[in-house]
Amino acid sequence: EAGVVQSPRYKIIEKKQPVAFWCNPISGHNTLYWYLQNLGQGPELLIRYENEEAVDDSQLPKDRFSAERLKGVDSTLKIQPAELGDSAVYLCASSLRSGRVGYNEQFFGPGTRLTVL
Amino acid sequence: DAKTTQPTSMDCAEGRAANLPCNHSTISGNEYVYWYRQIHSQGPQYIIHGLKNNETNEMASLIITEDRKSSTLILPHATLRDTAVYYCIVGGGNQFYFGTGTSLTVIP
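From first to last, the protein sequence lines are chains E and D.
Mapping the first sequence onto our numbering, position 100 (from 1) lands on 100, and the numbers just tick up by one.
Heads up, our numbering is the position in the second sequence plus 1000, with the first residue counted as 1.
A portion of the hints provided could be inaccurate.
Claimed, not checked - Pairwise CB distance ranges (calculated):
1) D74/E / T1056/D: 29 to 39 Å
2) K78/E / M1010/D: 34 to 44 Å
3) N1019/D / T76/E: 36 to 46 Å
4) P1108/D / D63/E: 44 to 54 Å
5) L96/E / M1010/D: 44 to 54 Å
6) E1014/D / L84/E: 32 to 42 Å
7) S27/E / N1057/D: 34 to 44 Å
8) K78/E / K1052/D: 36 to 46 Å
9) N1030/D / E83/E: 19 to 29 Å
What the hints contain is simulated information worked out from the structure, not anything from laboratory work.
Note that the Cβ used here is the ideal one computed from N, Cα and C, for glycine as well.
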């Protein structure tokens, strides 16, 4: 079974440039997450989708970050314009919408490492 | 606001049991305890989860205290491939707060 696929794995851009990350979740997973991970820190949630609906985007910096999941499958996270402080690993994860309240195993992709110069 | 407290780092001899503690004194009744680990340059990987009872799977055992305010992840026979950052997470449904985790180094 294929896992969560992310591309690119690495991206180097200059500040003020736009950048986009792509994620394809595990087949059949309704819930998709984008996380930000700074060096030495744990992942922090940016946005969560249930199918094509963004149900939690409270931590997404909406002035420069945007995301979409148009058909409820794969998703794109965009930054425009990028700033030096955006250098980090961007992780995508997916999960089934479990019928058991409180239980949720998330499957993570390898991440995209962004470097802003 | 951190929901869990873990030691920053730990060492364990290869072949010995690794016991990773986690404090979660503010856990609520319907929140699960999850453990994930992250090997360098990879995404986090699920290990185990529990609510009240102790749990065991092919990777590890999870011991949760009776008051649920703390837990211990046990890797029964640590190998070099178990070197990773281990995250103890308390959450309900889709709310995950990873914290900074414990960096476990397995020593040959």
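Hint-by-hint comparison with the structure:
1. D74/E / T1056/D: 29 to 39 Å: About 36 Å separates the Cβ atoms of D74/E and T1056/D, which means 29 to 39 Å holds.
2. K78/E / M1010/D: 34 to 44 Å: Cβ of K78/E to Cβ of M1010/D: about 39 Å, so the range 34 to 44 Å holds.
3. N1019/D / T76/E: 36 to 46 Å: 42 Å, holds
4. P1108/D / D63/E: 44 to 54 Å: Once the Cβ atoms are compared, 49 Å apart, the range 44 to 54 Å for D63/E and P1108/D holds.
5. L96/E / M1010/D: 44 to 54 Å: 32 Å, violated
6. E1014/D / L84/E: 32 to 42 Å: Holds, since E1014/D and L84/E (Cβ atoms, about 41 Å apart) stay within the stated range.
7. S27/E / N1057/D: 34 to 44 Å: 24 Å, violated
8. K78/E / K1052/D: 36 to 46 Å: 42 Å, holds
9. N1030/D / E83/E: 19 to 29 Å: Violated - the Cβ-Cβ distance for N1030/D and E83/E, about 39 Å, lies outside 19 to 29 Å.
Hints 5, 7, 9, counting from the list given before, are not met by this structure.
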